[in-house]
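**Q** With these hints in hand, go ahead and build the complete structure from the sequences.
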Amino acid sequence: MSKFIITFLSDFGYRAESAGVCRAVIKSLAPEVEVLDLCHGLPPFDVRAGALALENAVPFCPLGVHLAVVDPGVGGPRRPVALQAARGDFLVGPDNGLLIPAARRLGGITRAHLLENPEHMLHPVSATFHGRDLFAPAAAFLARGGRLEELGRALSPEELAPAPWGEPALLGEEVAGEVLGYDQYGSLKLNLRPEHLQALGLQPGELVLFKAGAAGDREYSWTLPFVRTFGDVPPGQPCLLTDSDGRLAVAVNLGSARSLLGLAAGAPVRCRRPADAPAP
Amino acid sequence: MSKFIITFLSDFGYRAESAGVCRAVIKSLAPEVEVLDLCHGLPPFDVRAGALALENAVPFCPLGVHLAVVDPGVGGPRRPVALQAARGDFLVGPDNGLLIPAARRLGGITRAHLLENPEHMLHPVSATFHGRDLFAPAAAFLARGGRLEELGRALSPEELAPAPWGEPALLGEEVAGEVLGYDQYGSLKLNLRPEHLQALGLQPGELVLFKAGAAGDREYSWTLPFVRTFGDVPPGQPCLLTDSDGRLAVAVNLGSARSLLGLAAGAPVRCRRPADAPAP
Amino acid sequence: MSKFIITFLSDFGYRAESAGVCRAVIKSLAPEVEVLDLCHGLPPFDVRAGALALENAVPFCPLGVHLAVVDPGVGGPRRPVALQAARGDFLVGPDNGLLIPAARRLGGITRAHLLENPEHMLHPVSATFHGRDLFAPAAAFLARGGRLEELGRALSPEELAPAPWGEPALLGEEVAGEVLGYDQYGSLKLNLRPEHLQALGLQPGELVLFKAGAAGDREYSWTLPFVRTFGDVPPGQPCLLTDSDGRLAVAVNLGSARSLLGLAAGAPVRCRRPADAPAP
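As you go down the protein sequences, you meet chains A, B and C in turn. Reading the first sequence from the start, the letters are residues 1 to 280 in my numbering. Reading the second sequence from the start, the letters are residues 1001 to 1280 in my numbering. Reading the third sequence from the start, the letters are residues 2001 to 2280 in my numbering.
Do not rely on the hints blindly, as some may be mistaken.
[Stated by the list, open to error] List time: in silico PhoX-like cross-link candidates among lysine-lysine, alpha-carbon distance up to 25 Å:
| no. | chain 1 | residue 1 | chain 2 | residue 2 |
| --- | --- | --- | --- | --- |
| 1 | B | 1003 | C | 2003 |
| 2 | C | 2003 | A | 3 |
| 3 | B | 1003 | A | 3 |
No wet-lab data here; the hints were simulated from the structure.
**A** Next up, the structure:
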């Protein structure tokens, strides 16, 4: 009877029973469905970090229902939704952009529906625990082969809240992107991929000028070698590399790019060939 | 052959392999039994917090064996027990009150037995890791359909250690309760439910006088509106509401009730109609 | 089709999706295989702590594939390996000593192979996430009944990196061992077992001189009763006991051996009968 596995990601943390209660709800409604925990220790209320973790994970997940709850707007006007992606997977969670990058990675959103059918909720629906009362029941329903359109009215994908970060843009001889966040070592993650540097005619080993967005009236820039690993530069030196998720990252050998660059998540960045670099 | 799922809650934390070893013991003894982790990050040795988390979770769990280990008295005279609740579930853990509120929520205790049959223990039984050596093996035995009375002598439910908190009491025009603890936002949880306020003739929106037990020779009181969500009061203001577990809680909009009220877990509290409120 | 369960231990922590992604890889490659998490909160990069946790857990695990990733040398010259132990289990992880104590506990290493077959890797293989790209795929392959020798060339067990700690040695009337680490209460764990004290003719209750290795030019020693539990000595007093993993440990009743003894993990220690103790 089970059609799908359910993967589960949240910011519920590990100090209370919230994630466990959601697992219990799923097992009560769909005993034969397997739940695969992706992570519950994400920074609380950080939709950007949640969207990033989910996007990183889904390409490695089996076809399934991806339940994700990072939901600072719970109880407010944000809508609960379920999406289907081109690969066939479902994504269930709040309509706050959390699900969008993962859905894109799975081929894009093909269908989107509201969660508004009271038959697929736990009652009374609490004001603050929609993971338990709305999202887990909807995920269980879909995992058993339930039809998406039974959950509520269809939405156009354009009606959904946007991803927490924008798409990179090629601006003449520059590529403009954005800081997604930092990893545990202080390496800075960008919404750029190696193909963006290739579009500028840059190859690994060449220098890249990394130009931060305006801070007040000033711009800051760093000239970074594009290398395979941070061990390719001297200790304390920054570099640009491709991280294990295929994104460009700024790292410092035996140091912290976070301390060196001091850019917040969401800060705009630009890459271009240094003025004195050889033409491609 | 498997009859039941095993849910598992403990204060073992996530920094060592203790919870994993208990899961391994269950899988070794009962390969076909599914283990559903509720939480292992509870405050160490805090039986009250453990009992609260377990009580919150069990109504959402499938019929099963609920293994719970928060056991500051391990190796001492406290007894290891297994209970059956009216709903049919089993609860396995130390006889220190941890299991009692959950068993009540499942309809009350119908049977209680000691864990004393050496056939259902791992040997040598350590002095400090009864989760591995006593409780996990007993849970695995019951999950496979083993008979409760094979684990050891019967106890009368009255012989068990009491719940970590008392029952609320209606005292004339007041209801007397107790602080259960705080959530991650500093909201104070009470062992009171909305029906206790209704017994005083109060409806949401009305003011309730919340009077703390004596602190030294003094009593402190706050006049709190009974609202649906903390967003219904101005920032910084306290209020009384029903939390996602159906309990009354004191919250402060954009603030911490813990800082404002300063009441420890276990502190007695009382609710009554304010002197100048309209009669019901 | 599934032959084995996979147990999984790492230092990935719970704040990011790394452990979840490895679980997803296993489920994608081997949907029918069950994953049993042992622990992911080990101290980062601490191979000694990881080896200790894995050694403690495996005797309680069902026959299976034990995937372990504590890998400070990822991306460097350390080799990825899969071992088979005499009990029949497989162990998969980096060749940095992490797997050796567990393999010994399972009867010793019978076979060892490199992970070098690109058919059993995820491509592109990242420089830093071998848990996802090398180790999880190899574990999934073995759990489905894949042949160890298909993963890569055979190694002699002697070619493997050694365990993170040495074997105890009987030196005349002393036994020489080593500090493995501390537990959460500050109790000091040794690579010694009760049989080492028995070899010196000591019984529980007798005093043992615990002599620390040279610190600068000096040696420190403590005379410790060998007791059943730390409750057998007065508060604040240190003692030697057998912990729940069967190892000798130095504990202080209501205190911290770590603070009292101040010995780092890896420090050499020696036990012998005190000069004035009665002959056996």
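**Q** Decide, hint by hint, whether the structure agrees.
**A** Now for the hints, and whether the structure bears them out:
At roughly 23 Å between alpha-carbon atoms, residue 1003/B and residue 2003/C fall within 25 Å of each other, so this suggested pair holds. For the given pair, residue 2003/C sits about 23 Å from residue 3/A by alpha-carbon distance, which is consistent with the 25 Å threshold. For the hint linking residue 1003/B to residue 3/A, the alpha-carbon distance of about 23 Å falls within 25 Å, and the restraint holds.
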